[in-house]
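Undergrad: Go ahead and model the full structure; you've got the sequences and the hints to work with.
So the sequences go chain by chain: A and X. This note's numbering numbers the first residue of the first sequence as 47 and each following residue consecutively. This note's numbering numbers the first residue of the second sequence as 36 and each following residue consecutively.
Calculated from the structure, these hints are not laboratory results. Among these hints, one or two may not hold up.
[Claimed, not checked] The following label-pair restraints were derived from C-beta to C-beta distances: (1) A/74 - X/315: 54 to 60 Å; (2) X/116 - A/156: 46 to 52 Å; (3) X/157 - A/133: 15 to 21 Å; (4) X/157 - A/74: 47 to 53 Å.
[What the hints assert, rightly or not] Restricting the straight-line Cα-Cα distance to at most 20 Å, the calculated cross-link-like pairs of lysine to any residue (SDA-like) are: (5) X/433 - A/141; (6) X/433 - A/112; (7) X/454 - A/83; (8) X/210 - X/240; (9) X/203 - A/77; (10) X/418 - X/354.
Virtual Cβ for every residue (Gly too), placed ideally from N, Cα, C.
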Amino acid sequence: MSKSVLIIEDEPFILEALSFLLEREGYALSSFSDGEGCIDYIKKIKPDLIILDMMLPNISGMQILENLRSSQEYQSLPVLMLTAKGQRKDRQAAENAGASLFMTKPFSNDEIIANVHKLLS
Amino acid sequence: MSRTLIGTRIRERRRAKKKSQTGLAQEVGISASYLNLIEHNRRGIAGKTLLAIAKSLEINPRDLTEGADQGLIDKVKEAIAKNRHIPSEVDRLEEFIGRFPGFARLIERLFDLQQEQNQNLQALSDKMNSDPFFAEAIHLMLSNITTIRSTADILQKNPLIEEKLHSKFLSNLLKESERLSQTASGILEHFEQTHSQQDKLADQTTLDTFLESNDFHLDILETGAASPEEIIEELAIETEEQKNALVILKGYETMAKALPLQKFLNKAVQLKFAPLELAAYFKTDLRSIFYRLAHLPEQNNLPKWGLLECDGSGAVLYRKQLTTLSLPRFGSACPLWPIYRSFSQPMQPICALLDMPTGERFLTYAVAQFNDLGTIGVPGTLKASMVITQDYDQLIAKTALTSLPQLSVGLQCSVCPKKECTARRATYILG
Numbered sequence: 047m048s049k050s051v052l053i054i055e056d057e058p059f060i061l062e063a064l065s066f067l068l069e070r071e072g073y074a075l076s077s078f079s080d081g082e083g084c085i086d087y088i089k090k091i092k093p094d095l096i097i098l099d100m101m102l103p104n105i106s107g108m109q110i111l112e113n114l115r116s117s118q119e120y121q122s123l124p125v126l127m128l129t130a131k132g133q134r135k136d137r138q139a140a141e142n143a144g145a146s147l148f149m150t151k152p153f154s155n156d157e158i159i160a161n162v163h164k165l166l167s
Numbered sequence: 036m037s038r039t040l041i042g043t044r045i046r047e048r049r050r051a052k053k054k055s056q057t058g059l060a061q062e063v064g065i066s067a068s069y070l071n072l073i074e075h076n077r078r079g080i081a082g083k084t085l086l087a088i089a090k091s092l093e094i095n096p097r098d099l100t101e102g103a104d105q106g107l108i109d110k111v112k113e114a115i116a117k118n119r120h121i122p123s124e125v126d127r128l129e130e131f132i133g134r135f136p137g138f139a140r141l142i143e144r145l146f147d148l149q150q151e152q153n154q155n156l157q158a159l160s161d162k163m164n165s166d167p168f169f170a171e172a173i174h175l176m177l178s179n180i181t182t183i184r185s186t187a188d189i190l191q192k193n194p195l196i197e198e199k200l201h202s203k204f205l206s207n208l209l210k211e212s213e214r215l216s217q218t219a220s221g222i223l224e225h226f227e228q229t230h231s232q233q234d235k236l237a238d239q240t241t242l243d244t245f246l247e248s249n250d251f252h253l254d255i256l257e258t259g260a261a262s263p264e265e266i267i268e269e270l271a272i273e274t275e276e277q278k279n280a281l282v283i284l285k286g287y288e289t290m291a292k293a294l295p296l297q298k299f300l301n302k303a304v305q306l307k308f309a310p311l312e313l314a315a316y317f318k319t320d321l322r323s324i325f326y327r328l329a330h331l332p333e334q335n336n337l338p339k340w341g342l343l344e345c346d347g348s349g350a351v352l353y354r355k356q357l358t359t360l361s362l363p364r365f366g367s368a369c370p371l372w373p374i375y376r377s378f379s380q381p382m383q384p385i386c387a388l389l390d391m392p393t394g395e396r397f398l399t400y401a402v403a404q405f406n407d408l409g410t411i412g413v414p415g416t417l418k419a420s421m422v423i424t425q426d427y428d429q430l431i432a433k434t435a436l437t438s439l440p441q442l443s444v445g446l447q448c449s450v451c452p453k454k455e456c457t458a459r460r461a462t463y464i465l466g
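TA: Structure, rendered in structure tokens:
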């Protein structure tokens, strides 16, 4: 059975491009475009990996990550954090909040696919 | 003035008057060899000889001895030092200035301009770093670029992609390019507006500049080394600014006496800077604690606090910005900020975590307090204060953070990408 990836990203075109790339790699894809309600969605679909944008409407990606990590069940769920903010303090904040990997936009397709493979291997 | 310049000038002037060294020496009654030593800056010259040479060369003695002041020499030396990669004849600097004072002045002017431009660039860079619009625009541009890069890569590497998907990606590419153009135009427009608002920014008072340059911590008032009146005099604050400046500085002085720095710091560290507990311990109001927190010295181990104070109309009365958060000076901030909500529940402290659209998080405490009690039929006026810090992880245990209210807010409507916000009163300029 193929591994499942949930992309939480509010930019529809980035979502479409990522969906195409990861489906082609054989992953089962699902997506969510708003911070609000996505914790319930994660609990419902139980993905193997989450690609999480830091800037989301209503609830930030950082907040979602902290909420997730506060639950024992999601301590080891791989979360790949995406952000347009690449300063050291942002990276540090994401690491402190429990991000498995941190990628800054603009990233390359090859790079993100390689990171997804790495986190799911 | 350096004697070397006088000799060089005498030689230049003599040549201009087409006189021989021997002829001039005879006219002034000195030997040609002595004049030669003077002209080559190996002998000093003053008094009668200088006057005689000046007379013979039909020049005011002052023109031989003045003009190239030490300031000019120092400035050209500084220009040379800052441009070490260009080998310059430093040992002949005075000769150069003496022979070509106009060129020397030109170097001085160009060097001054270069310095000014460097300072302007630094100021612009600082401004851009704390400009919420620019930060938001850059984020948006990076998202635009991510889409374009990723989509173009898919199209290029997948020539056999099904036609419907191919058209969709092409359409995405076009739309995202248009958004990128729109964002770039927005940035240009913003900087044009910024330029036209420079007069407004010039409204920054002398005291604002003084406080900012001291990171809002005034040792001289903390220790009583100077009075507010003496600071106003020292800063030569203009008459129309003096009244407000005095109110602010006297407020600082009162705070420093009521909440002495070291005593406050000791207790604040012990209480993890919790404003309510500090107010209870020092038997004072919350606003005074907020004010004290915002005026602590900048030290690595201390949390950095910003402060915003406004009246019931939302007009900003006082602000201390954080390097990571730009607080409004003229317009209002996001209406969802707790400082505005505090007006609806005077004297009720509010504590909340603010989540910005940029992903940054801040801890805030806000309270609205009465300035006066009012009279029968006339309500008292309120002033709201809010302290804000990004160093919340030093103050509150991670487990306790989740129990705090978390508010998803913006900075100002014009730079806030939050969709469907009921509090929105201005269009998102990058939308």
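Undergrad: Each hint: holds or not?
TA: Hint check:
{"no.": "1", "hint": "A/74 - X/315: 54 to 60 Å", "in the structure": "holds (56 Å)"}
{"no.": "2", "hint": "X/116 - A/156: 46 to 52 Å", "in the structure": "holds (48 Å)"}
{"no.": "3", "hint": "X/157 - A/133: 15 to 21 Å", "in the structure": "holds (19 Å)"}
{"no.": "4", "hint": "X/157 - A/74: 47 to 53 Å", "in the structure": "holds (52 Å)"}
{"no.": "5", "hint": "X/433 - A/141", "in the structure": "holds (14 Å)"}
{"no.": "6", "hint": "X/433 - A/112", "in the structure": "holds (9 Å)"}
{"no.": "7", "hint": "X/454 - A/83", "in the structure": "holds (16 Å)"}
{"no.": "8", "hint": "X/210 - X/240", "in the structure": "violated (45 Å)"}
{"no.": "9", "hint": "X/203 - A/77", "in the structure": "holds (18 Å)"}
{"no.": "10", "hint": "X/418 - X/354", "in the structure": "holds (13 Å)"}
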